[in-house]
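2 protein chains.
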Amino acid sequence: MVPQTTLVLTSQVQEDGKIVAALTEMPLPAPAEHEVVIAVEAAPINPSDLGLLFSSARIEDAVFAPGRVEAPLSPAGLAALSGRLGDVLPVGNEGAGTVIAAGSGAAAQALLGKRVATFAGGMYARHRVVPVASCLVLPEGASAKDGAAAFVNPLTALGFVETLRAVGGKGIVHTAAASNLGQMLVRLCAADGVALVNVVRKPEQAALLKDLGAAHVVDSSSPTFREDLRQAIEATGADTVFDAIGGGPLLGTILSTMEQVGRTAAGAYSRYGSTAKKRAYVYGMLDTGPITLPRDIGFVWDVSGWLLSPVMEALGPDVRARMQARVGQDLTTLFASAYKAQVPLTHILDEAVVRDFTRRATGAKYLILPGA
Amino acid sequence: MVPQTTLVLTSQVQEDGKIVAALTEMPLPAPAEHEVVIAVEAAPINPSDLGLLFSSARIEDAVFAPGRVEAPLSPAGLAALSGRLGDVLPVGNEGAGTVIAAGSGAAAQALLGKRVATFAGGMYARHRVVPVASCLVLPEGASAKDGAAAFVNPLTALGFVETLRAVGGKGIVHTAAASNLGQMLVRLCAADGVALVNVVRKPEQAALLKDLGAAHVVDSSSPTFREDLRQAIEATGADTVFDAIGGGPLLGTILSTMEQVGRTAAGAYSRYGSTAKKRAYVYGMLDTGPITLPRDIGFVWDVSGWLLSPVMEALGPDVRARMQARVGQDLTTLFASAYKAQVPLTHILDEAVVRDFTRRATGAKYLILPGA
Chain U
1 MVPQTTLVLT
11 SQVQEDGKIV
21 AALTEMPLPA
31 PAEHEVVIAV
41 EAAPINPSDL
51 GLLFSSARIE
61 DAVFAPGRVE
71 APLSPAGLAA
81 LSGRLGDVLP
91 VGNEGAGTVI
101 AAGSGAAAQA
111 LLGKRVATFA
121 GGMYARHRVV
131 PVASCLVLPE
141 GASAKDGAAA
151 FVNPLTALGF
161 VETLRAVGGK
171 GIVHTAAASN
181 LGQMLVRLCA
191 ADGVALVNVV
201 RKPEQAALLK
211 DLGAAHVVDS
221 SSPTFREDLR
231 QAIEATGADT
241 VFDAIGGGPL
251 LGTILSTMEQ
261 VGRTAAGAYS
271 RYGSTAKKRA
281 YVYGMLDTGP
291 ITLPRDIGFV
301 WDVSGWLLSP
311 VMEALGPDVR
321 ARMQARVGQD
331 LTTLFASAYK
341 AQVPLTHILD
351 EAVVRDFTRR
361 ATGAKYLILP
371 GA
Chain G
1001 MVPQTTLVLT
1011 SQVQEDGKIV
1021 AALTEMPLPA
1031 PAEHEVVIAV
1041 EAAPINPSDL
1051 GLLFSSARIE
1061 DAVFAPGRVE
1071 APLSPAGLAA
1081 LSGRLGDVLP
1091 VGNEGAGTVI
1101 AAGSGAAAQA
1111 LLGKRVATFA
1121 GGMYARHRVV
1131 PVASCLVLPE
1141 GASAKDGAAA
1151 FVNPLTALGF
1161 VETLRAVGGK
1171 GIVHTAAASN
1181 LGQMLVRLCA
1191 ADGVALVNVV
1201 RKPEQAALLK
1211 DLGAAHVVDS
1221 SSPTFREDLR
1231 QAIEATGADT
1241 VFDAIGGGPL
1251 LGTILSTMEQ
1261 VGRTAAGAYS
1271 RYGSTAKKRA
1281 YVYGMLDTGP
1291 ITLPRDIGFV
1301 WDVSGWLLSP
1311 VMEALGPDVR
1321 ARMQARVGQD
1331 LTTLFASAYK
1341 AQVPLTHILD
1351 EAVVRDFTRR
1361 ATGAKYLILP
1371 GA
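Heads up: the sequence lines are chains U and G, in that order.
Per our numbering, the very first residue in the first sequence carries number 1; after that it's consecutive.
Per our numbering, the very first residue in the second sequence carries number 1001; after that it's consecutive.
Worth flagging that the hints you see were computed from the coordinates, not collected in a lab.
Bear in mind the structure is a predicted one, so any value in this text is a computation, not a measurement.
There could be a bad hint or two in this list.
What follows is a set of in silico ranges between Cβ atoms, one per label pair, in the way DEER data are often shown [stated by the list, open to error]:
{"no.": "1", "chain 1": "U", "residue 1": "Ala336", "chain 2": "G", "residue 2": "Arg1058", "range": "57 to 63 Å"}
{"no.": "2", "chain 1": "G", "residue 1": "Gly1289", "chain 2": "U", "residue 2": "Gly17", "range": "33 to 39 Å"}
{"no.": "3", "chain 1": "U", "residue 1": "Thr224", "chain 2": "G", "residue 2": "Ala1166", "range": "39 to 45 Å"}
{"no.": "4", "chain 1": "G", "residue 1": "Ala1166", "chain 2": "U", "residue 2": "Val88", "range": "30 to 36 Å"}
{"no.": "5", "chain 1": "G", "residue 1": "Pro1075", "chain 2": "U", "residue 2": "Ala166", "range": "40 to 46 Å"}
{"no.": "6", "chain 1": "G", "residue 1": "Lys1170", "chain 2": "U", "residue 2": "Thr224", "range": "57 to 63 Å"}
{"no.": "7", "chain 1": "U", "residue 1": "Glu140", "chain 2": "G", "residue 2": "Gly1267", "range": "30 to 36 Å"}
{"no.": "8", "chain 1": "G", "residue 1": "Pro1075", "chain 2": "U", "residue 2": "Ala364", "range": "56 to 62 Å"}
{"no.": "9", "chain 1": "G", "residue 1": "Gly1213", "chain 2": "U", "residue 2": "Arg359", "range": "55 to 61 Å"}
{"no.": "10", "chain 1": "U", "residue 1": "Ala215", "chain 2": "G", "residue 2": "Gly1267", "range": "45 to 51 Å"}
Anything over 12 Å on all C-beta distances counts as not near chain U; from chain G, calculated [to be verified]:
{"no.": "11", "residue": "Lys1018"}
{"no.": "12", "residue": "Arg1165"}
{"no.": "13", "residue": "Arg1271"}
{"no.": "14", "residue": "Ala1280"}
{"no.": "15", "residue": "Arg1295"}
{"no.": "16", "residue": "Asp1330"}
{"no.": "17", "residue": "Val1354"}
Even glycine gets a Cβ: it sits at the ideal position worked out from N, Cα and C.
Construct the complete structure from the given sequences, taking the supplied hints into account.
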C-alpha cells in the first residue's frame, strides 16, 4: 500500500541561468518513529510557493516539455539564487491528505487513517513523510480541500491581528486587500471587532470586498484615493499597515496620510511631526522595488519585515496555541479558501496551467490534487 | 537686577514665503512658584536648532539687516511649515547660565545663584524663565560653556546605547560619525565596551576618529567601502544602525551588508533571507530625500524613526535617571563639546556668521554667548 517511490514537483536553479520545474519520481523513505506518511489529496499554490517554484524567472520565455518547464532568469535573478544553485527542491508549503502509514511512536500510530493538514513543505507530491508534530487533525467532516490551506493564510491573518494586539495598535490598513488572504482578514476582523481599512487597486476589487461586508474599502485607482484614505484612517484610528507590496509609492502614501491625520488631531505645530505612533509590516514583495519612505511622516514610526515563522516564534507558545486552535475551530467558515481551478499534479506543468497560475492575479488561486 | 524685557532670537514663517530670524526685545515674565530666571551665558547651535531657525530656507538668497535675516522658502518648504505660519518662535533648545531670580517654591529658591543647564527651549536669549524641573545643576567648577550642551548630544549618545541594550542589539553602526555627537559616541562606546562601527564620508573624517581611538572606521568615499564595511560588521557583530542621514543609498547598503554577513553565517539557503535581526534607527535627515530600503535584506529587519524625547519617555524613569546622572558625572570628559567659534548673541545674525553656521559642516559647531 505504501509505494517505494512517489511523484514530486521540484524546482532547480541551473548554472546556465535557467530554473527547471519538473515532476520527478523520487524515493519515499519509511517513516521514522515520530513520522507519518500522508497520501496528499490537496495542496494550494500560494504566492510564497511561486517564489520557490519559479522565483523571478520569465515565464513568457519558458520552454515546456511533458512534466518539465525551463524558464530563464535574469543575471541579477540568478545571482540572488546562488545559495540554492543545483539543489533539487521539493515545492508546496502546505496541504492535506490521509495518513496511510505511521512510525512506531504512539502519537504517530494514533494518526493512522486520519485526515490531516500540514505545513511541512514538499506537499506538491503524491506522498509525503512528515513529523507528527507538524500535523493538524482536520475536524470531523472536513475534506482535504477544506484543510489544504489551513496554515499559511489563516495563520497569517491571525498573525496580523495578534501582532496588532501585541504592539497595542488601534487598527489595520491592509494593502492588496482583495487577495484570498485579504478576504479572510475581512471576515476575521469583522468577527473579532478589529478596525480594518482595505486598500485595493481596482473598482471591481472594491466591490468584491464591500459584498463581503467590509466597512472601509479604498481604491488606489480612484482620483479621490488620498482623501478617501484619510477619511478611513480618521474614522477607524488605524495606525498599523500590513503591506503585501513593498515597492512603489503606496506604503509611503499610507504612512504620510496617517501622519497627516495625527498632526490634525494634535493641533499644535511640532517640526518633528506628530507623536502618533505609525507602524508598518511589510510581509510581501508584489513590487520587488525598494521600499520608499517619505520624510513627511515625522519621527514616530516603525517599519519592519514580517515573516510568518519568526513572528509566530516571537509571539510565544501561548499565542501560537491560541492561533492553531482558532484555525481548527473556524476552518470552513472564516478561514475557507476559494479556488479558481483544481488541477491534478500530473497536469500542473501543462503550458496553459502554468501561464495562468503564474499571473498572480486576484481570484486566480489554484489547488493541486495529487491523488487525482 | 532682573530686567522687564530681554533680547531673544526668534524665527517666524511669513505668508509671503520668507522665514525671518530676528533679535527681538521681548517681555520677561516674573517667575512662577516653581520657576527660575536664568541669565543665559552659553548656548550651542545644534542641527535641530537650525531646523527651527531657518528650516529649508535658501540662505544664499537671504537678505541681511542689523539683527534681522529674511530667507526665502520654496513653495514645498513653505507648505511643510503651514503649522507654524505667523508664530514668533524663540529658538535654542539648550544652554547654561546662572539663576538670578527664583519663584517662591523651596526648590526654586534653592537654585538662586547656582549655575544650571536646561533643555527648556528659547535659550538664544539674554534671560529665560524655565521650570525648576528642567534644570540640571552643573558640577562644581564647570563653566557655562562646559554645561551649555549638556542635554541634546550627551542624552542622544546615551540614548543610542540604552536603545541598543533595550532591544538586545550586539553593536552599533553610526553614520555621519565624525559629527560632534559621533565623536562623543566614540568616547562613550569605548568607555562602556560597546561595539561601534563609524561610517564617515571623507578620509580626513576617518583620520579624526582614528585619532580619537575609534577601532572601526569606514569611509564611504573609498573604493573598498563595501568590503571594509562587511569586514567591520563581521568583526563586531554590529546589527543596529543609528542613521543621521535618512535619504540616499547609505542606509540600504548597510542593511544589505548586514544581511550578507548574516547569510554567510547561516550557511543554508533560505529564499526569505537570514534570520539575523537587523535594526536601524533614523534620527536625522541630513539628506531630506526618501528613506530607501532595498529588498535584498530578507524579512527580519526593523527600521524606525528615533527622536530623543519620545525615546526617553519610552525608556522609562529609571533609565532616564541613569542617563541624567551619567551626564553630570562625565560632563567635562566623555560629553565635552568642541566649538569652532563663540559669538555674542548680538552678532549671531551677522551675515558672515550666519553663512558659516548654516553650512552644517563637520567641526563647525557654534556657541552663542548671550551674556557677552
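Aspartate 1330/G remote from chain U - nearest C-beta pair above 12 Å: At roughly 27 Å from the nearest Cβ of chain U, aspartate 1330/G sits farther out than 12 Å, so the non-interface label holds.
Is the nearest Cβ of chain U still more than 12 Å from the Cβ of alanine 1280/G? Per Cβ check, alanine 1280/G is inside 12 Å of chain U; nearest 10 Å; violated.
Hey, is arginine 1165/G genuinely clear of chain U, shortest beta carbon separation above 12 Å? holds (18 Å)
For the hint 33 to 39 Å, verify it against the beta carbon of glycine 1289/G and that of glycine 17/U. holds (35 Å)
Starting from the hint 40 to 46 Å, judge whether the C-beta atoms of proline 1075/G and alanine 166/U obey it. With Cβ atoms ~42 Å apart, the hint holds.
Say whether it holds or is violated: valine 1354/G keeps its Cβ farther than 12 Å from all Cβ of chain U. Holds, because the least Cβ-Cβ distance between valine 1354/G and chain U comes to about 19 Å, which exceeds 12 Å.
Taking 30 to 36 Å as the stated bounds, is the beta-carbon spacing between alanine 1166/G and valine 88/U within them? violated (44 Å)
Note whether the CB distance of glycine 1213/G and arginine 359/U lies within 55 to 61 Å or breaks it. For glycine 1213/G and arginine 359/U the Cβ distance comes to about 58 Å; the hint holds.
Run the C-beta distances from lysine 1018/G to all of chain U and say if the shortest one exceeds 12 Å. holds (17 Å)
For the pair lysine 1170/G and threonine 224/U, does the Cβ-Cβ distance stay inside 57 to 63 Å? violated (48 Å)
When you take the CB atoms of glutamate 140/U and glycine 1267/G, is the distance between them in 30 to 36 Å? At roughly 44 Å between Cβ atoms, glycine 1267/G and glutamate 140/U fall outside 30 to 36 Å, so the hint is violated.
Outcome of range test on Cβ distance (proline 1075/G, alanine 364/U; 56 to 62 Å): Roughly 45 Å apart at Cβ, these two residues miss the hinted range, so it is violated.
Consistency with the previously given hints fails for numbers 4, 6, 7, 8, 13, 14 and 15, ordered from lowest to highest.
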